[in-house]
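Here the protein sequences come in this chain order: E, B and R.
This note's numbering puts the last residue of the first sequence at 359; the count rises by one with no breaks.
This note's numbering puts the last residue of the second sequence at 131; the count rises by one with no breaks.
This note's numbering puts the last residue of the third sequence at 298; the count rises by one with no breaks.
The hints are simulated quantities; they were obtained by calculation from the structure and are not laboratory data.
Worth double-checking, as some hints may not be accurate.
Unchecked claim - Taking CB as the label site, the calculated pair distances span:
no., chain 1, residue 1, chain 2, residue 2, range
1, E, ALA188, R, ARG129, 53 to 63 Å
2, R, ALA94, E, LEU131, 32 to 42 Å
3, R, GLY120, E, TRP135, 55 to 65 Å
4, E, ALA112, B, GLU46, 37 to 47 Å
5, B, LEU31, R, ALA232, 53 to 63 Å
6, R, GLY120, B, VAL74, 48 to 58 Å
7, B, PHE122, R, ARG16, 49 to 59 Å
Where is the CB? At the ideal position from N, CA and C, for every residue including glycine.
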Amino acid sequence: MIALTWRQFRTQAALAFGLLAAIAVALAVTGPALVHLYDTSVLPCQAQGDCSLVTSAFAGRDHLLQDLGTVLVVVPGLIGLFWGAPLAARELETGTYQLAWTQGVTRKRWLAVKLGLVGLASMAVAGLLSLMVTWWSSPLDRVNTDLFAQFGQRGIVPLGYAAFAFALGVCAGLVLHRTVPAMAVTVAVFVGVRLAVTYWVRPYLFAPLHLIAGLRAPNGNGSGGGGLTPSRPGDWVLSDQVVNAAGRVIGQDGAINLGPGRLGFAFGPAGDGRVALQGVGTCPNRFPALFGAGGGQGPTPAFVRATQECVTRLGLKEVLTYQPTYRYWPLQWYETGIFAGLALILAGFCFWWLRRRYA
Amino acid sequence: MVIEFHLNARSGLSPYQQIVQQVRHALRLGLLHEGDQLPTVKDAVERLAINPNTVLKAYKELEHAGLVAARPGVGTFVTKTLSDVSLAAHGPLRQDLRRWLAQARRAGLDDESIEALFQDTFRSSAAEDVA
Amino acid sequence: MTAALAAEGLGKRYGRRWALSDCTLEVPPGRVVGLVGPNGAGKTTLLHLAVGLLRPTAGSIEVLGRPPGDNAGQIGRVGFVAQQTPVYSRLSVADHLRLGGWLNPQWDAEAARRRISQLGLDPDQRAGRLSGGERAQLALTLAIAKRPELLVLDEPVASLDPLARREFLQLLMSTVVEHEVSIVLSSHLVADLERVCDYLVVLASSRVQVAGDVDDLLAAHRRLTGPRRDPAALPADYEVIEESHTNVQSSFIVRYGGPVYDPAWTVEELSLEDVVLAYMSRARSGAGVARRGLSVLR
């Protein structure tokens with residue numbers, strides 16, 4: 001059975017590992033140059049202090065990085081599509097299962113060998129690709145402050161994604177016993193689960209940390225954002241909210257009701273100095289005139305001070321919710337574990353389905 | 001192999017009957033002589049794509065009639081030709097038949113009725129023999 | 001003697017439809033069994049149940065004394081040629097022979113290779129490029145070379161041209177001569193079955209209509225033609241399978257136990273095709289399920 005599975009799979013394996021080898025060569029050729037550039041331009045600059053210009057020049061360099069990232073995002077899906085979905089579906093569709101299942105191997109062994117061999121190959125492809133890309137990008141990642149944005153393109157999670165997509169494909173093919181519908185279902189479910197985990201599960205795998213401080217009122221320019229920044233560059237900011245004294249969320253991005261041209265103030269009848277902050281409440285203090293005599297460009301400093309006093313007295317706070325960088329690798333392991341666990345469950349389901357439907 | 005079998009799908013006879021008949025004809029025509037080997041079951045089956053039991057049944061009937069004998073592991077061989085058996089009896093039987101036919105014509109039967117009567121009696125008497 | 005195939009009240013349901021129901025059979029070993037019936041009668045379902053590709057919804061089935069199951073021992077004893085003889089189109093003929101060796105506990109590689117060269121198949125030819133007849137021969141070779149005790153074939157010659165059909169049956173029959181193997185073969189062409197089978201099962205309307213030795217079936221059925229008569233007027237042990245009447249003449253196909261003495265009847269023997277057609281049209285008209293007691297002739 002192993003020999004048969006290999007014979008059926010060998011062309012696709014050759015294609016995949018051939019491509020992998022080509023990518024490896026490309027990376028091996030350009031990698032050392034990148035490291036050299038890093039060593040000569042960024043490192044010395046960092047030792048001396050502020051080098052944001054050099055860093056951004058370095059980081060903006062590489063188009064290859066973008067393409068590689070895309071490849072690594074897409075590869076697990078492709079594996080599910082082209083290696084997973086047809087695995088059982090093709091045999092069921094063309095009728096060759098009638099040949100395979102009456103030639104001396106049990107159904108269980110047939111599925112187990114196919115799942116095992118091609119599944120391992122899938123994980124190997126995804127794992128090797130991720131390894132190569134992670135290695136090659138390490139200089140760039142060192143200067144990158146937004147590591148979490150590329151979470152799915154580095155490290156060990158692609159392995160978990162590949163295992164899951166593959167098992168999903170095999171399952172869909174087995175249940176639907178037609179290749180094309182199985183492919184469609186595989187893509188849809190895979191994308192759905194990936195998105196769901198990225199936005200609803202990953203942020204909360206560990207209880208997020210919070211930074212809380214009094215809200216800084218919008219300044220004279222009419223804009224004002226969150227005054228809070230996370231302690232380490234590269235921490236993953238989940239949300240930046242404004243809460244009132246009761247703890248209810250009333251604003252986003254560290255500000256309240258700020259939009260183009262709007263300050264969020266509601267003025268009382270002219271001259272009486274009462275101001276209400278939209279969506280919050282009436283300010284307890286009195287406000288001076290908004291604009292200076294002679295119609296200036298923006299609010300007077302006195303007005304700005306009054307705004308800050310109002311905000312402080314209303315007890316508004318800014319809450320920054322984030323995951324620190326040191327949780328990057330634990331999150332990688334947990335997420336890989338989730339996807340690998342899902343893959344195992346799906347594989348088990350395949351065996352159960354096989355036994356139930358086909359004696 | 002001296003003779004080869006063939007099957008006529010439209011003959012009213014079953015395959016095994018056709019084989020028996022073909023062997024008997026071959027014997028009668030002198031194509032088969034004493035000691036000749038009949039086609040092996042394997043050869044007959046490969047040529048005709050028929051059930052081996054059909055051939056075996058035919059050979060058994062021929063053996064029962066004393067015409068052939070099976071030698072296990074070797075084949076089936078002719079032991080007696082038909083010519084001498086039937087020829088001697090032909091003359092008197094033919095005369096009896098002529099007399100019967102004259103009788104039937106005198107009774108008013110036309111050709112078709114005679115044939116129908118003959119076929120019917122022939123078959124029912126054959127069935128009784130077997131039973 | 002263990003039956004080659006024994007079923008008791010066997011049934012298979014898909015959703016609300018019973019593809020096969022109340023099927024009771026006992027097929028002796030060492031025979032070439034023909035399974036005949038119209039399309040959709042349940043032939044493929046019965047054969048798939050026999051080789052373990054399906055699980056029964058009702059009743060039981062035993063093949064060579066054991067229920068067909070997903071275990072290597074049983075799979076090794078039964079060979080199967082599926083309808084349309086599916087093969088792996090991208091693998092070569094030689095690959096298929098190797099496949100047989102990889103998957104089967106017993107595999108006669110030499111015989112398989114000899115047979116392939118006898119048939120004139122190119123071992124390096126991709127199986128997807130073979131003609132229908134060549135594919136069927138390949139599938140049969142794969143089934144035979146594993147030296148099964150029972151060989152099951154699902155309409156193997158239905159889509160073959162007459163020459164390919166003949167060659168296929170020649171290969172099949174010479175296998176019977178060479179090895180002790182029982183064969184179950186389904187078809188809707190009775191002419192082929194007549195040459196090749198010595199035991200017949202008629203399946204129509206998802207039920208077994210009649211089953212028995214071909215010789216016994218032919219001996220037990222007759223066509224009676226005579227003046228117009230009601231079937232009830234026939235003796236009690238005559239089972240009417242098919243009847244047709246004009247205003248002066250009646251014709252019955254009957255199953256009976258002994259010779260017909262009534263001179264009013266013209267008695268004719270039937271061909272196998274006549275018998276099969278009679279049972280199939282009886283099934284279609286819904287005139288009743290064959291009574292269990294009489295349905296199996298020994």
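Checked hints:
Take E/ALA188 and R/ARG129: their Cβ atoms lie about 36 Å apart, and the range 53 to 63 Å is violated. For R/ALA94 paired with E/LEU131, a C-beta distance near 39 Å keeps the hint of 32 to 42 Å intact. Our hint of 55 to 65 Å for R/GLY120 and E/TRP135 holds, since their Cβ atoms are close to 56 Å apart. Separation of E/ALA112 from B/GLU46 is about 42 Å and conforms to the stated range, judged on CB atoms against 37 to 47 Å.
A C-beta distance of roughly 55 Å is found between B/LEU31 and R/ALA232, which places it inside the suggested range of 53 to 63 Å. A hinted range of 48 to 58 Å for the beta carbons of R/GLY120 and B/VAL74 is inconsistent with their spacing of about 31 Å. Take B/PHE122 and R/ARG16: their Cβ atoms lie about 56 Å apart, and the range 49 to 59 Å holds.
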